[in-house]
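S.K.: Residues per chain, in single letters:
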Amino acid sequence: MRAAVVVFPGTWSDRDCVHALGTVGIESRRLWHRETRIEPDELVVLPGGFSYGDYLRCGAIARFSPVMAAVRRHADAGGLVIGICNGFQVLCEAGMLPGALMCNDSLLFRCQEVHLRPGSARSSFTRELDPERPLRMPISHGEGNYYADRSTLDRLEAEERIAFRYVDAGGRATREANPNGSLRNIAGVLNEAGNVLGMMPHPERACEALLGGDDGNAIWRSLLAAPTGRATGAAVS
Amino acid sequence: MSEDGPRRAAPGEVSDETLRRVAMSRGEYERLCRLLDRDPSPVELGMAAALWSEHCGYKHSRPLFHHFPTEGPRVLTRAGEENAGAIDLGEGWVAVFKMESHNHPSAVEPYQGAATGVGGILRDIFAMGMRPVALLDSLRFGELDDARNRHLFQGVVAGVGGYGNCVGVPTVGGEVQFDPGYDGNPLVNVMCVGVGRREQLLSASARGVGNPLVLVGADTGRDGIHGATFASVELDEDAGAQRPAVQVGNPFMEKLLMEACVELAERHADWIEGLQDLGAAGLTSSSVEAAARAGTGVVIDVGRVPRRERGMSAYEVMLSESQERMLVIPKREHLDDVLALMRRWELRADVVGEVTADGRATVYADGGAEARIPVSVLTDPPLYPPEARRPAELDRLWAEDLAALPDLAASGAAAAGEWLLALLAAPNIASRAWIYRQYDHQVLNGTVVLPGGDAAVIRVPGMRAGIAVATDCNARFVALDPRTGAQMAVAEAARNVVATGAEPVALTDCLNFGNPERPEVAYQLEQSVIGLSEAARALGTPVVSGNASLYNETPRGGVPPTPTIGMLGLLADVERHLTIGPGPGDLLVLLGAPPAQEAATLAGSEYLARAHARLAGRPQLDLARERAVQRVVLDAHRRGLLTAAHDLSEGGLAVALAECLLAATGHSAPGAGFVPDPALDLGPRLDAALFGEAPSRLLVGVADAEALAAVLALAREADVTAVSLGEVVVEEEPRLRLGPLDVACDSLRDGYEKGLPRALGE
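Protein chains in written order, with the working numbering: chain W, 1 to 237; chain B, 1 to 762.
Hints are supplied without guarantee of correctness; some may be wrong.
Unchecked claim - Covered stretches of chain W (chain B as the covering partner; in silico rule of three or more C-beta atoms under 8 Å from a C-beta of chain B):
(1) 14-24
(2) 48-55
(3) 100-113
(4) 132-144
(5) 201-208
Said to hold, decoys possible - Label pairs and their calculated CB-CB ranges:
(6) W:ARG133 with B:HIS667: 14 to 20 Å
(7) W:GLY171 with B:ARG78: 53 to 59 Å
(8) W:ALA100 with B:ARG344: 28 to 34 Å
None of these hints come from the bench; they were simulated from the model.
Note that beta-carbon positions come from the ideal geometry of N, C-alpha and C, so glycine has one too.
Using the sequences and the hints given, assemble the complete structure.
M.R.: Written out as structure tokens, the structure is:
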């Protein structure tokens, strides 16, 4: 598997993503926001950061960038896309994922460790993850408070599209375990086809024991375990 | 406008009001006229006033800088020569670091003041061609029961986070203290560490006559005019009216500048002669200082400076402190390459002048000269050796007999536990998680030891060695004895770094004092510099960069003397670092002194301030012993004997022990409790044993009796006191036991973790 890590001018997790993917053997290139060439078999990574400064609203400008048109075509063709933190915000702004990310309910930026319970066997990002074993990784955002209307949330649940929920170390989705006020403790969601994932936590920061743990690698390993050839999340169901 | 010289003010024309506005004294004005052999033009007056301000010219502090030890085998730059100090990390790697203050702007507008403070220190680091990899913030505020102090504290923390988080440089450490002496005049010191290959180390000099001066980044506006002089005068009740002197930060622009400058240094260092940031006094100081370093001159055409406002005068353009601007001095033949690189990063870049051979700073506007002034005059501020007088009150404070205070032991069996809880929840000691959770402390995947310990540890990709960094200064000790207190600040910063297993290598300082024209403040400043230098020499950590922030005064008086130290240490192998959390079953050893202590060690302690409402006593430090204690820890770690280490500071032994236990197991159950050695002797003075703040002490963890014996033997050889304290035990309901102390760790954790949010009314 290969990856294209998108770099907006204000992106800062691009190097971290390249590093983390490298630790599980995924070769990646950095893709400047003005470029539009994406190979069909590439995993597109939209990393964390503040794409264009994001003074207006996180991701509100990035959705109009040249690279996002290419990312949309890639996703429509079944290609894999993961948006992490700012990347999740960009995907929601672009309408590629449902819902929106509002200011944290504390109104404060939060950088801390969280636990996540994987909740979907429908996508290759999460298929290999054990729902009974919470993943430990950091969050780092001021606008990660996931919101969608009730019918959307019900539909996400019914269609197994809630990829991750904030839980405590024992796997319970409690109020205390929710760092930002996200509805139903949602930390990550999938698109209908299952080939686009957005998540606020940073799996690329949980990539080696020296940095406090490597639970984030489980997501990349799940992808690697998916059937080879043209990587599609949509193939499942 | 004549051809041969700039427009002049008529002799005697300059009014007191004009001089007051540029913060220049009549005597300094006369000196300027003498050096020029004529009256200065208005632009020249503004330029000279800015560069002669304390903020740029260090006119009160520079006479003391000769005390600093500035050389060492790893030092690559001389303090003051470049924007930050550079040290050799080995294997071809270099670290640059510096700390700077943004106190006055933060007092007026805490969010933007702190944010632009972060922006300024970042530019100092990438001006040297290095990628910033870590930020630390050292903060001081008045007490949190006052609404204005809460506003300043919350605003500053949000500002540090808002800027650093957006730029994508982790804020990995720092410290904060609260004291009524900082009411209305908070201290906001930010340190930045940058790392890179030795080949990419750049100089900020305007070399090569005929090379262009390229201004990159933000347009120039009227914001921050006279920021340098603003930082060099006392704040009065009217400080809010100074708001136009505070700049507004644009971290997104900074990110672009950072990436462009680091790329320039990493890949194209041969294209350029110099790179310089625009900080205080804007284009004036950056161009003049770059010329001074190279022994050249500069000519600037303000008409070519892109502006964000109409009708700006040459004076305003030259003194604007608009943020996020850099000055690049490319080699002529690479001008187009540099401009293209900047364009790719979507940065505006304009040629605004060039390097000349005449040794002057010449400013043109509309074809006429507005200034033509020798660089040597601008960089030759008047110097005022401090006229120091020892404050008379020191005798009274030193004479206070702390042994005459009633001991804690007399207050009943439960008192010790209640005091431990109170101290752990005190804003000066409680967990800093409320702060560092607002900072992205992990971006760049390099933070190996997260905030919350004694020092942060940073991993640099491609390098086996790790970097440990900490900031420190306990101003109470400095207030009680400036010389010893400053020594203690250096010693504690070094000890913090040692507690991660790193060897302290070099330091940066930020000298925060009141008005140096007052003899008592001059004494604090002078003695602090002397003490700081003595400790730096004794511990082998030269001073490689620094900053002075004087005039930290409010109508109610000067701030406590606060010479903040930023210490950098080196770990041979980043994988082999220590944290403050011991493992279950570990044995703890107290190094440096026996647990039993005299009442005199309560001097300047948090306990004394809270239990007896006083700052008194005379702190004592033996630098030889400090060094020996640190050596024992490093030796023991090198031999793989240690499992954890934690410095003893505010709150003394009992607080340090509690912090170790709380860090040992996190929130998981069962947790870590502590059972002391039956033979442990806390001596006749319980408060001093538990909460005294004698320096040169650490708690270290060892895995078993064999390692314990080895550590005790190492200590004995080094003539360092080492006492086996007891054992970390795993319990369903863990308790901390020490002498009369027997407290549930859950309640300690509750107080420690919620202390700061509760003080903020959350």
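S.K.: Does each hint fit the structure? Answer for all of them.
M.R.: A quick look at each hint next to the structure:
no. : hint                               : verdict
1   : 14-24                              : holds (count 4)
2   : 48-55                              : holds (count 7)
3   : 100-113                            : holds (count 5)
4   : 132-144                            : holds (count 3)
5   : 201-208                            : holds (count 4)
6   : W:ARG133 with B:HIS667: 14 to 20 Å : holds, 18 Å
7   : W:GLY171 with B:ARG78: 53 to 59 Å  : holds, 57 Å
8   : W:ALA100 with B:ARG344: 28 to 34 Å : holds, 33 Å
In the structure shown, no violation is registered for any of the earlier numbered hints.
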